[in-house]
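> Sequence:
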Amino acid sequence: MNSKFNNYLFNTDLNSVYQKFWVTYDLLNLSPNAILKFKKQEKNSLISIENSNLSYSEIQLIFLEHQIKYNQMAL
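Residue 7 in UniProt numbering sits at position 7 of the sequence shown, and the numbers go up by one each step.
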């Protein structure tokens with residue numbers, strides 16, 4: 001795992017409480033100090049991941065595992 005902290009912003013198709021729960025569980029299990037923020041838009045959800053020690057590829061794996069489509073956005 002990385003020793004520096006990273007911030008990410010993703011536009012996702014996260015659409016169920018079930019997906020939100022498991023994404024939150026997996027992200028915080030790997031990076032307990034991460035700050036997660038979810039913002040529901042019309043058809044998509046924004047997920048902000050701050051202060052995490054996760055790499056982009058680790059986050060990709062979590063999204064893929066839960067069948068969530070995503071696009072990384074600039075902060």
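Honestly, I wouldn't trust all of these hints.
What the hints assert, rightly or not - Label pairs and their calculated CB-CB ranges:
1) K4 <-> E42: 27 to 37 Å
2) K43 <-> K4: 11 to 21 Å
3) N11 <-> N51: 17 to 27 Å
4) L64 <-> L9: 30 to 40 Å
Unchecked claim - Only pairs whose alpha carbons sit at most 27 Å apart, straight line, appear in this in silico BS3-like list of lysine-lysine:
5) K43 <-> K4
6) K69 <-> K39
7) K69 <-> K43
8) K37 <-> K69
No lab work stands behind these hints, which were simulated from the structure alone. Backbone N, C-alpha and C fix where the C-beta goes; we use that ideal spot for every residue, glycine too.
> Are the hints correct? Go through all of them and say.
Comparing the hints with the structure gives:
Range check, K4 to E42: about 35 Å between beta-carbon atoms, so the 27 to 37 Å window is met. Restraint check, K43 to K4: a C-beta distance of roughly 34 Å breaks the suggested window 11 to 21 Å. Look at N11 against N51: about 20 Å separates their beta carbons, and that is inside 17 to 27 Å. The beta-carbon spacing between L64 and L9, approximately 18 Å, falls outside the hinted interval of 30 to 40 Å.
Between K43 and K4 the CA atoms are separated by roughly 33 Å; this puts the pair beyond 27 Å, and the hint is violated. Taking the CA atoms of K69 and K39, the gap is about 16 Å. The hint holds against a cut of 27 Å. Only pairs whose Cα atoms come within 27 Å are accepted, and K69 paired with K43 is accepted, the gap being roughly 12 Å. A C-alpha spacing of about 17 Å is found between K37 and K69, which places the hinted pair at or below 27 Å, so the restraint holds.
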